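The whole structure should be built from the sequences, with the hints applied where relevant.
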Amino acid sequence: MKKELIIVLLIVIGLMAVEAYHYFTTSKTAYVLIGEVYNKFDLKKELEKKLEFTKNARQKISDSLAFDLKLLAKKIDDDKAKNEQDVKLYNLKREEFVEKKRRLEEDNNTLTKQYDQEILTQLNQYVKDYGKENHYTYIHGNDGNGSLMYADESKNITEKVIEYINKKYKGEK
Amino acid sequence: MNLKLILPVAAFYLLVSCNRNTGSHGSAELSGEKSFSESSQLELEPIEYMSWIQDTEHGLKKEKVIDDITFSAQYKPLAYIACMEERKNAIQESVLKEKEEELKGMQYYDLKISLSGEQTELLKYKLQSGQEYQDRVNYFAFKMQKDISLVEGSDTVPCALYHFERAYDVAPYAKFLLGFPLTNKKDRKEKTLVFHDEIFKKGIIKLSFSPQQLINVPKLKTI
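The listed protein sequences correspond, in order, to chains A and B. Quick note on numbering: numbering that gives the first Met the number 0 labels position 68 of the first sequence as 67, and the sequence is numbered without any gaps. Quick note on numbering: numbering that gives the first Met the number 0 labels position 209 of the second sequence as 208, and the sequence is numbered without any gaps.
Take the hints with a grain of salt, since some may be wrong.
Calculated pairs, DSBU-like style, for lysine-lysine (alpha carbon to alpha carbon, straight line, at most 30 Å) [as the list claims (entries may be wrong)]:
1) K112/A <-> K145/B
2) K172/A <-> K60/B
3) K112/A <-> K123/B
4) K169/A <-> K60/B
5) K96/B <-> K49/A
6) K145/B <-> K167/A
7) K167/A <-> K154/A
8) K145/B <-> K48/A
9) K142/B <-> K112/A
It should be emphasised that the hints constitute simulated quantities derived from the structure, not laboratory data. Quick caveat, the model's predicted, so the values are computed rather than measured.
What follows is the structure, encoded as structure tokens:
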């Protein structure tokens, strides 16, 4: 009976050793569809709304200046004598409008880039965390540019990663 | 006969082993936070009480690492604030009552932003110019309050008390003392501290506290 027990123990230890060897030597890989992960990331959705709100507020400023300019242009058109002061004011306001519009567009572009960067920074961090927690050696990103030509569908962890990164973002993990 | 015994044991081991592996492949595993069912029964001395509150495993301190920056939020029960202010091994019941009376009506948190592995002053981290340093000081001291809120269910509570505790060159972190008015709702909901990082451009940072974690806080032992 004792001998049998020793044999069983040896087999179990042997199996554990095989499994440990397999665990430490086999690299675990998977891939995600980057576009899908990016679009379904809650931070992206929230910053998109915030950006839209800011852009709309800036557009209102720009529209208001354009409206003032149109009013002045109409006044000059209606005035057959073409008041010189009005024409000067119009030119001044037009320059101001062009400059303001340029700056607002620049600010919009800067903010868009900043938010994109913020989204990518958090996204990369959370995917890294997911990889570490789940012992992945590689998580590839498939964005259709040819860097990943083929992968078995069973290696697609997009949905799991989306769920994880959104929980992580919400501070639930 | 030996084989009859060995094979089922080996098969059982393999089955258990496979199931365990499948589990780890699955969704990101449940968090290992402790059960709090017994903590509300606890009564702790000030020092033990403070370390219990500060222990991340008890869920009143939350951390999030993004790149090289760590954001952490500490929920501060009133008794904890009393302990921090008194700094004594024993606190009188009357002193605690007085403090609680003074602080009631608000909920308090600390927000800490620190550098991972860096020893430079946080405000000087990846600094482009002297002017940027001044802008950061100005933002932390006066403007950051508008970028902080507390979300409770569907309510967003603005930050009502705000104080930037400047570390100068002493420590690689910045600490902010925050206070939010208590909502009058009886049903306890998850509280999420939300902060949009405008300085280090790490995006919106959210740190959540579950109702269970906030309820099951031990009692402070008084004299």
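Restraint check for K167/A with K154/A, where alpha carbons must lie at most 30 Å apart
Since the Cα atoms of K167/A and K154/A sit roughly 22 Å apart, the hinted pair holds (cutoff 30 Å).
Holds or violated: K142/B to K112/A, with C-alpha atoms at most 30 Å apart
22 Å, holds
Do the alpha carbons of K145/B and K48/A lie within 30 Å of each other, as the hint requires?
18 Å, holds
Quickly compare the C-alpha distance for K112/A and K123/B to 30 Å and report which way the hint goes.
Holds: K112/A and K123/B sit about 23 Å apart, inside 30 Å.
Within 30 Å, alpha carbon to alpha carbon, are K96/B and K49/A?
Violated, at roughly 43 Å.
Measure nothing beyond the straight line between the CA atoms of K172/A and K60/B; if it is 30 Å or shorter, mark the hint as holding.
Within the cut-off at roughly 12 Å; holds.
Take a quick look at whether K145/B and K167/A sit within 30 Å of each other, Cα to Cα.
Holds, because 24 Å separates the two Cα atoms, which is no more than 30 Å.
Given the hint that K112/A pairs with K145/B, test it: the Cα-Cα distance must not exceed 30 Å.
Satisfied, since the Cα-Cα distance of roughly 22 Å is no more than 30 Å.
Would you mind confirming whether the straight-line C-alpha gap from K169/A to K60/B stays at or under 30 Å?
15 Å, holds
When held up to the earlier numbered hints, the structure conflicts with hint 5 and nothing else.
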